[in-house]
Amino acid sequence: MEIFNHNANVNFLGMRKISVGIAILLMVVSIGLIAVKGLNYGLDFTGGVSLVVDYENPVTTAEVQEALEKGGIEHSLVASLGGTREVSVRFQPTAVMKDEAGKINLDKVSAVTTGVLKASRPDVSIKSRDYVSSTVGDELRSDGILAALVVMLGIGLYLGIRFEWRFAVAAIVTELHDALITVGVFALVQREFDLTVLASVLAVIGYSINDKVVVFDRVRELFRLARKAEPEEILNRSINNTLSRTIITALFTAITMAALYFFGGPVVHGFAITMLIGILVGTLSSIFVASPILLWLGVSKQDLMPRTKENPELARRP
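Quick note on our numbering: the sequence shown kicks off at 222 and runs consecutively.
Accuracy of the hints is not assured; some may be wrong.
[As the list claims (entries may be wrong)] List of simulated lysine-lysine pairs, DSBU-like, C-alpha gap at most 30 Å: (1) K449 to K522; (2) K238 to K291; (3) K291 to K319.
[Claimed, not checked] Okay, the calculated beta carbon distance ranges per label pair: (4) K258 to S346: 14 to 24 Å; (5) S521 to A368: 33 to 43 Å; (6) I366 to Q411: 33 to 43 Å; (7) E277 to V371: 46 to 56 Å; (8) A340 to V273: 27 to 37 Å; (9) N228 to D364: 46 to 56 Å; (10) V371 to G242: 27 to 37 Å; (11) D344 to D438: 52 to 62 Å; (12) V390 to R350: 26 to 36 Å; (13) E295 to G519: 27 to 37 Å; (14) E290 to W517: 48 to 58 Å.
Since the hints were derived computationally from the structure, they do not count as laboratory data.
Quick caveat: nothing in here was measured; it's all calculated off a predicted structure.
Just so you know, even glycine gets a beta-carbon here, dropped at the ideal spot from N, CA and C.
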């Protein structure tokens, strides 16, 4: 199945100054947005109250969410707990839920929330309540950043062993590019950034490297097959040869994420949106950014040919 001719000869490397320039600009803008505007961290990172709410009759998360918003409890996270009568509710406590010293009072939280929910459904009761401090959120945030860095370095090490160090450098730079721009979009639109979004950023890194490994593998194969060919020609041919596969993979993954967004409910909206952004950015970087980096690093046929030890005995033979 091909969208583009396998033997097409589109000169992607001829646009490398423009494409890499745009990529650098977007990375700088993303860093600026994250530094200036910051991310709109969700309850996973900022802390808040967590309640388990029980209903005598079946209820939907949308009903609970609507009831909370009508009662003035905004930006809440409502999730089903495996059935139709029990849901988890998380939100930032309002001023009336705190005592005179400004500390959260769980009794007031329960009383206010119960009153709000009973306004629409009298068969509700609070099964359990808990408070998550912002300290836990800080730990999750630092652990998430560390996880992303470890993933990038681990993938770079793998590529350095499987291919060559230039491929590892190109992979790490483009992964950083994809992750930064994806997070930068969240900083720009101030969409909530929670653990689900963080998990999807890690998934974007994995998806991104998958595309690049396909192109890198084709580069190695063509270098070994071609007797006389310039690195720029080999890189262009590799992108063209794998372009249909790259676009088809991106298209069908995007369709899956779109279906998840429209039919999976609000709990997975953040994951689906992040993946859609990451798919677009990762696909473009596989085509326009990774190979120019390889070219500028000086990748050549000699770098990818198997190396054999010199045999003095063979050297003496005529």
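Against the structure, the hints come out as follows:
| no. | hint | verdict |
| --- | --- | --- |
| 1 | K449 to K522 | holds (9 Å) |
| 2 | K238 to K291 | violated (53 Å) |
| 3 | K291 to K319 | holds (20 Å) |
| 4 | K258 to S346: 14 to 24 Å | violated (41 Å) |
| 5 | S521 to A368: 33 to 43 Å | holds (35 Å) |
| 6 | I366 to Q411: 33 to 43 Å | violated (20 Å) |
| 7 | E277 to V371: 46 to 56 Å | holds (47 Å) |
| 8 | A340 to V273: 27 to 37 Å | violated (19 Å) |
| 9 | N228 to D364: 46 to 56 Å | holds (47 Å) |
| 10 | V371 to G242: 27 to 37 Å | holds (30 Å) |
| 11 | D344 to D438: 52 to 62 Å | holds (59 Å) |
| 12 | V390 to R350: 26 to 36 Å | violated (51 Å) |
| 13 | E295 to G519: 27 to 37 Å | violated (55 Å) |
| 14 | E290 to W517: 48 to 58 Å | holds (53 Å) |
This entry does not satisfy hints 2, 4, 6, 8, 12 and 13, going by the numbered hints stated previously.
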